[in-house]
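Novice: The hints should help you fit chain P onto chain V, whose structure is shown.
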Amino acid sequence: MATSASAYENDIKNLKATELTLGLPGTHLQENIPIIDQEKSSASSSSNKRPLQLPHEETSPAQDCGSKCSNIAKNTDDDAAPPPSKAKIVGWPPIRSYRKNSLQEQSEAAGGIYVKVSMDGAPYLRKIDLKIYGGYPQLLKSLENMFKLTIGEYSEKEGYKGSDYAPTYEDKDGDWMLVGDVPWDMFVTSCKRLRIMKGSEARGLGCAV
Amino acid sequence: MNYFPDEVIEHIFEYVGSHRDRNALSLVCRSWYRIERCTREKVFIGNCYSITPERLIQRFPSLKSLTLKGKPHFADFSLVPHGWGGFVYPWIEALAKGKVGLEELRLKRMVVSDESLELLSRAFPNFKSLVLVSCEEFTTDGLAAIAANCKRLRELDLQENEVDDHKGQWLSCFPDSCTSLVSLNFACLKGEINTGVLERLVARSPNLKSLRLNRSVPLDALQRIVARAPQLVDLGVGSLVHDPAMETFAKLMTTMNKCKSITSLSGFLEVTPRCLTAMYPILPKLTSLNLSYAAGIPGSDLIKLIRHCKKLQRLWIMDSIGDKGLGVVANTCKELQELRVFPSDNIGQHAAVTEKGLVAISMGCPKLHSLLYFCHQMTNAALITVAKNCPNFIRFRLAILDATKPDPDTNQPLDEGFGAIVQSCRRLRRLSLSGQLTDKVFLYIGMYAEQLEMLSIAFAGESDKGMLYVLNGCKKLRKLEIRDCPFGNTALLTDVGKYETMRSLWMSSCEVTVGACKVLAMKMPRLNVEIFNENEPADCEPDDVQKVEKMYLYRTLAGKRKDAPEYVWTL
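Protein chains in written order, with the UniProt record's numbering: chain V, 1 to 209; chain P, 1 to 571.
The following block holds chain V by itself, in its conformation from the complex (with noise of 0.2 Å):
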């Protein structure tokens, strides 16, 4: 460890560096850009080619001063205005890139499409997860094991055909429309919410029109 006198020495030459001085571009030299750590910098004077800020996550402003003295370099900084959000640096932390851009994809793909279902006559409403059906028919299994009911098949002349029961669902347009008329992709992604209904209705909407 540098002794103490020395390290003192250093920081004082260093301090001048550490400014921050609020001003127009160009009206001061580029050499007063601060350098979070100071020991790292003592050799190299001016450098235009130095890497970005790297504020740390802790500041530490009521430490001994005194005491350590190769932390006043860094206390200084605390002078300064609050540290900006983290500044990204390219290729750090060392990921690879194939690693990034996957997570990246897979949290844009995540977060499940839960839709409120409810029921003629039930007590409550319940919620599902429309991401995680391969499409109608498991959807439509889950839904009777869910309610305790049988809804039956879907026809595209007849509806749910031989079933007290008909699921519906209200699209982006606000309109009621019958499950099963629209390819699964576009049914989830405009799917607001979804109601079984129940009796005379539910038969009418198997009616053609």
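Do not take every clue at face value.
[What the hints assert, rightly or not] Which residues of chain V face chain P? A partial, calculated answer using Cβ under 7 Å:
| # | residue |
| --- | --- |
| 1 | W92 |
| 2 | Q106 |
| 3 | G134 |
[Claimed, not checked] Below are the DSS-like pairs computed for lysine-lysine, each with C-alpha atoms no more than 30 Å apart in a straight line:
| # | chain 1 | residue 1 | chain 2 | residue 2 |
| --- | --- | --- | --- | --- |
| 4 | V | K131 | P | K251 |
| 5 | V | K148 | P | K251 |
| 6 | P | K190 | V | K100 |
| 7 | V | K192 | P | K190 |
| 8 | V | K127 | P | K251 |
| 9 | V | K88 | P | K547 |
| 10 | P | K356 | V | K100 |
| 11 | V | K116 | P | K251 |
| 12 | V | K88 | P | K324 |
| 13 | V | K131 | P | K190 |
| 14 | P | K258 | V | K141 |
| 15 | P | K479 | V | K100 |
| 16 | V | K131 | P | K167 |
[To be verified] Which chain V residues face chain P? A few, computed with CB under 7 Å, are given here:
| # | residue |
| --- | --- |
| 17 | G91 |
| 18 | P93 |
| 19 | P94 |
| 20 | R96 |
| 21 | S97 |
| 22 | Y98 |
| 23 | L103 |
| 24 | I132 |
| 25 | S142 |
Calculated from the structure, these hints are not laboratory results. Note that the structure is a prediction, hence the values are computed from the model and not measured. Ideal Cβ positions, reconstructed from N, Cα and C, are used throughout, including at glycine.
Specialist: Chain P only, in chain V's frame:
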């Protein structure tokens, strides 16, 4: 040994497999050199520009397996601009012309065009194995050619490549007569595949031991596929998304119960956490588990899973497991040898793992020898403890998300901590540093890291002395990569002969000038000294005093390369 006929020596050499040992054999005497070169079947080339393909073929006429690496390591982190090089086509072309009986090709960080895959698939009738790691430029069309034409294909292993998916039917290109597959890994492909075709392919591949699927394979197809391949040893699940109440899910659980041989599990690119219970039957036998892409599994589920994995030797996981979860790993995985903990949030907002997790691991897993650890902070005390508990480290890579963070407890640099690591781990071969570091850490490395072969440095050091400690002290150093450090011309030029004992040196955003690089290039004709000038126009001569943004130098017998892009100047 001189009294033995050649055939006897040849037979003895058959038992010598490792590249280094073989290289050593070839240096003993002329006849051993001759015998060795005629019998060598596997060659490893760490830098594709260090030698020409023609020279390789001339020396090793019996070549069957070739491993090539292209771009410098820091290309992984976007530090090498596009178009730098590493083209495999000239190699394949030369091998084809030389009528080499190529059976295996393994490439890392190379540019692989569809054209080269086409040529590869047609030129070598005995071709068996293609492994591509972190490569680029090829599309599923190239894969279709491999599938269609390589009649004896055993292995197609694609790891972390950027592949353009043309949504063709490349899988369908495997002919019905192809029954030799042992390993198929297409996890990195983004497009849909025909699951029916895949199922039939698996059904007619009785030797299939390793299968890694991509995201597009849904749970029901997974169940059918695994049911057809109970002999699998390594499984990569693409997507495990399902309503666990469903019948297919129950079927999957039953199927997994029948898989007595699976010891390696990976994938889960898309997952509904509740579905993980389907995997529980195989967890107790696992020796390798890679959940580093499973961003959808919350820490609590990871912990539940890990408790079943008592035989684990290799674990790749995300930091969402937390320090507490690492404690569970430490208590459960007593056989652990390799651990990688990846950051789940690139910005690193919430403190997921810290030094505490690593200390716990070191206490519970004495067999640990390889570590890659992304964390929010590290302390000297922790590193000293880890060094004491795990003296067997071969690879130790620490990446603190805030690159220059000091020890948060003492506000000191991490010199002492890393110093303890190199002093205790006498077998250390690879080291990556981070955190606040002065020249002192390099003094320690130079003094103690006798076996060190690869060193990665970022935002560290105070003066040229740091780099010099390393160059002088580490006799076995092969690869040195440095970014954003105050190392300059003195450090670069003090011992120019050193670089011929190494594979390569990378320096970016340091204090080295163009003039110094020119001097180096002049003194060492068997080095290629490349400077990247991304900002200057191509014909503008750089000033000698100008600082070099990126420099990559490597020893070579091939001379200046002819395929360098405009921004690369070989001095």
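Novice: Evaluate each hint against the coordinates.
Specialist: Results of checking the hints against the structure:
With its C-beta approaching chain P no nearer than about 5 Å, V:W92 sits inside the 7 Å limit, and its interface hint holds. Here the hint on V:Q106 is kept, as its CB sits about 5 Å from the closest CB of chain P, short of 7 Å. Below 7 Å, beta-carbon pairs count as interface contacts, and V:G134 has one with chain P at about 6 Å; its hint therefore holds. Taken as a hint, the V:K131 and P:K251 pair is honoured in the structure, with Cα atoms around 21 Å apart against an allowance of 30 Å.
A threshold of 30 Å between alpha carbons decides the hint, and for V:K148 with P:K251 the separation of about 22 Å falls inside it, so the pair holds. Restraint check for P:K190 and V:K100: the C-alpha separation of about 15 Å stays at or below 30 Å, so the hint holds. At roughly 28 Å between alpha-carbon atoms, V:K192 and P:K190 fall within 30 Å of each other, so this suggested pair holds. Between the alpha carbons of V:K127 and P:K251 the distance comes to roughly 25 Å, so the proposed pair stays at or under 30 Å and holds.
Of the pairs offered as hints, the one joining V:K88 and P:K547 holds, with about 23 Å between alpha carbons and a cut-off of 30 Å not exceeded. Distance hint between P:K356 and V:K100 is fulfilled; the C-alpha atoms sit about 26 Å from each other, no more than 30 Å. In summary, the hint linking V:K116 to P:K251 is supported, as the alpha carbons are separated by about 29 Å, within the 30 Å threshold. The straight-line distance between the Cα atoms of V:K88 and P:K324 is roughly 29 Å, inside the 30 Å bound, and the hint therefore holds.
At most 30 Å may separate the alpha-carbon atoms for a hinted pair to count; V:K131 and P:K190 meet this at roughly 18 Å. At most 30 Å may separate the alpha-carbon atoms for a hinted pair to count; P:K258 and V:K141 meet this at roughly 27 Å. A threshold of 30 Å between alpha carbons decides the hint, and for P:K479 with V:K100 the separation of about 25 Å falls inside it, so the pair holds. Proposed proximity of V:K131 and P:K167 is supported: the alpha carbons are some 23 Å apart, at most 30 Å.
Among the interface hints, the one on V:G91 holds; its C-beta lies about 3 Å from the nearest C-beta in chain P, closer than the 7 Å criterion. Because the beta carbon of V:P93 sits about 5 Å from the nearest beta carbon in chain P, less than 7 Å, this interface hint is met. Given hint, V:P94 at the interface with chain P, holds; its Cβ is 5 Å from that chain's nearest Cβ, closer than 7 Å. Annotation: V:R96 was flagged as interfacial toward chain P, and the flag holds, the nearest CB pair being 5 Å apart, inside 7 Å.
Proximity of V:S97 to chain P holds as hinted, the smallest CB-CB distance being about 5 Å (cut-off 7 Å). For the restraint placing V:Y98 at the interface with chain P, the shortest Cβ-Cβ distance is roughly 4 Å, inside the 7 Å limit, so the hint holds. Hint status for V:L103: holds, given a least beta-carbon distance of 5 Å to chain P, under 7 Å. Given hint, V:I132 at the interface with chain P, holds; its Cβ is 5 Å from that chain's nearest Cβ, closer than 7 Å.
Proximity of V:S142 to chain P holds as hinted, the smallest CB-CB distance being about 5 Å (cut-off 7 Å).
Hint compliance for this structure: no hint is broken.
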